[in-house]
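A.B. asks: If you want the building blocks of each chain, they are given just below.
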Amino acid sequence: MSRRSPFAVRGSPDGVRGAVGPPVLLAVIGVVVALLFPAVATGYWIRVVSNIFMYGAMAQSLNIMAGFTGYADFGNTVFFGLGAYGTALLTSKAGLPVVPAVVLGALVGVVLASLMGLPLLRLRGHYFAIATIGVLEAAREIIANVPFFGGGMGITLPISTGAPEAFYGFIYYVLFAVIMAYIGITWWLSRSKFGYALRAIKADEEAAAVMGIHTTRYKIRAWRLSAFCTGIVGGIYAYWLNFIEPPIVFDIMISIKVWLIMLLGGAGTILGPLFGAIILEMLQAVIWGQFLRGHMLILGAVIVLVVIFMPAGFMDLVRKRFSLRAVLADLRANKI
Amino acid sequence: MNLQSLINGLLLGGVYACVGIGFSLVWGVANVINLTHGALIMLGAYVTFWAFRLGGIDPFLAIPLAMASMAVIGYAIQRFLVNYVVKIGVFMTLILTFGLQLVLIDSALFAFTGDYRSVTPSYAGAGFDLGGAVIPYIRIGIFAVGLLLTWLLHLFMTYTKTGNAIRATALNKEAAQLVGVNIGHIYAVTFALGAALAGAAGAMLSTLYAVTPVMGNPMLGKAFVIACLGGLGNMWGSLVGGLVLGLAETAGAGLIGPSFQQAISFGLLVLILAIRPEGIVGKKFFAEVKT
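Chains P and H, in that order, give the protein sequences. Each residue of the first sequence is one higher than the one before, starting from 0 at the first, in numbering that gives the first Met the number 0. Each residue of the second sequence is one higher than the one before, starting from 0 at the first, in numbering that gives the first Met the number 0.
Hints in this document: simulated from the structure, not taken from any laboratory. Remember, predicted model here, so these are calculated numbers, not experimental data. You can take every hint at face value.
Here are the computed distance ranges between Cβ atoms for each label pair:
{"id": "1", "chain 1": "P", "residue 1": "A180", "chain 2": "H", "residue 2": "L53", "range": "53 to 63 angstroms"}
{"id": "2", "chain 1": "H", "residue 1": "V71", "chain 2": "P", "residue 2": "D203", "range": "33 to 43 angstroms"}
{"id": "3", "chain 1": "H", "residue 1": "V71", "chain 2": "P", "residue 2": "W186", "range": "42 to 52 angstroms"}
{"id": "4", "chain 1": "P", "residue 1": "S91", "chain 2": "H", "residue 2": "G55", "range": "51 to 61 angstroms"}
{"id": "5", "chain 1": "H", "residue 1": "L147", "chain 2": "P", "residue 2": "A180", "range": "51 to 61 angstroms"}
{"id": "6", "chain 1": "P", "residue 1": "M152", "chain 2": "H", "residue 2": "T159", "range": "50 to 60 angstroms"}
{"id": "7", "chain 1": "P", "residue 1": "T41", "chain 2": "H", "residue 2": "P217", "range": "31 to 41 angstroms"}
{"id": "8", "chain 1": "P", "residue 1": "D203", "chain 2": "H", "residue 2": "A75", "range": "33 to 43 angstroms"}
{"id": "9", "chain 1": "H", "residue 1": "A132", "chain 2": "P", "residue 2": "G94", "range": "47 to 57 angstroms"}
{"id": "10", "chain 1": "P", "residue 1": "L323", "chain 2": "H", "residue 2": "D114", "range": "40 to 50 angstroms"}
{"id": "11", "chain 1": "H", "residue 1": "A75", "chain 2": "P", "residue 2": "A328", "range": "19 to 29 angstroms"}
{"id": "12", "chain 1": "P", "residue 1": "D203", "chain 2": "H", "residue 2": "T119", "range": "51 to 61 angstroms"}
{"id": "13", "chain 1": "H", "residue 1": "G183", "chain 2": "P", "residue 2": "D203", "range": "21 to 31 angstroms"}
{"id": "14", "chain 1": "P", "residue 1": "L291", "chain 2": "H", "residue 2": "Y208", "range": "25 to 35 angstroms"}
All C-beta atoms, glycine included, are put in the ideal place defined by N, C-alpha and C.
Sequences and hints are given; from them, build the entire structure.
C.D. replies: Now the structure itself:
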């Protein structure tokens, strides 16, 4: 595995430290700007930034499984969908308040991750990736075809009270709190025994087992944590949109987008997923706004260029201090 | 299951085999999860459609044309784009080919518009009767071409120098390099072969389904299932995988209900992966997982 592989373990997963001036000051400025933003911005931009937080949080959850543990979960959207459906069913049919409904909805995904863990986490690489895609697609079809779940018609959640502006502002702060919490979890992972065990599994699973790490147990724990984090976001999303249906919340495109964000930012880094989400959502907002037709073409071309020129993500570009020479040298070294 | 649905399942499996074999080849040999496969199928279908519309060429005779044009595109994609990231890891190639398929599909939307097109040769819809079951000519033709292409690919891989180089690369990249195989070129040739097979599948699918820029998307999902069922990079495995999927979907539609067809195919996929990750007929050492 080459040194620049986005899946390789780096000495310090926190590549930002030392690379950008005084990072604490920048972080404080970032948080203050984010907190004050809804007071000055229009509804459209509040929505864009809320999306950044949401997809950043999803990418951060995926990061636990893919970036740290090295297991390519392409079906993590299944936990998003289950969280959304759990929340929708518990609020509309059982009449539960939103907060316990979101937590219980996320726990549905945790149960699924526990059940699937033993048979599926034996699989490596591609095979695990494809199995998770299979689970996602099968889950969507089953939910779409069982009348209890609302079938293809979807489910409408109870309408929230209060003015729309206040509601969207509330969602903004909730999603901001969620991504901050997830960044905290990832930071903890980067220096806890648990996180070291996960990175040891990614580097070499046999070696990790020889060193005394109960690999199966740790992998299942990581998947549960990832599933729970994704499920919380799914529940908030359902509450935010008030209406969900299987093709929306079990969409494989969500998985692809979250992967793209994680790789754009840098897999296995602490702030990478947030930066990845900022880059991709801003790009989309600009491209969608400028080009009514052909925006998929431009997005696709941007993806191709990004993958070829910055395969290790934005955080790696920061480490290289945005040197064009380093980028081109890597490009030549990677070519076969 | 009655005779008609058995035959339907087998013939559907022939179509699926054509769809899956090129995808499985590229994945197994070059370690590239080629998400442009569906888009290449779509372009192959458009080549066939325009050959039929403008030149009056029969869709089955247009297969070589579709294969040749997709092979050129496929070689270029691997040589000038994918070869730059293939060493970094399989998931980068996945994101790259995802971006590329957006470009291809959106370009097709620009060039051909989103109109539903169809290829209608004179024998469309005709068939013969076999013990009470109707067998459409087109489906039996597709089944035969699928068998023929699998056999030709097998001959190519077994008896030509390039084919041997491809197999050597699939087994051990470094060792192949040591004995003088140019990996960059071999990967591109493999991708070209996979693309040509996608083109052939597209040419044949154009006689069954409407030709649109997004027609390849559902086929991509099937290709995943078929490749895993058969074992990655295994040619005859893809044929078996296609047949199993075709039969399972037809049987499932008859027994549980047609709306569960997708759930069945993906449930089957997860089951196979959990029990036999090397595929139904795959060997363990072939196309080992490389991350």
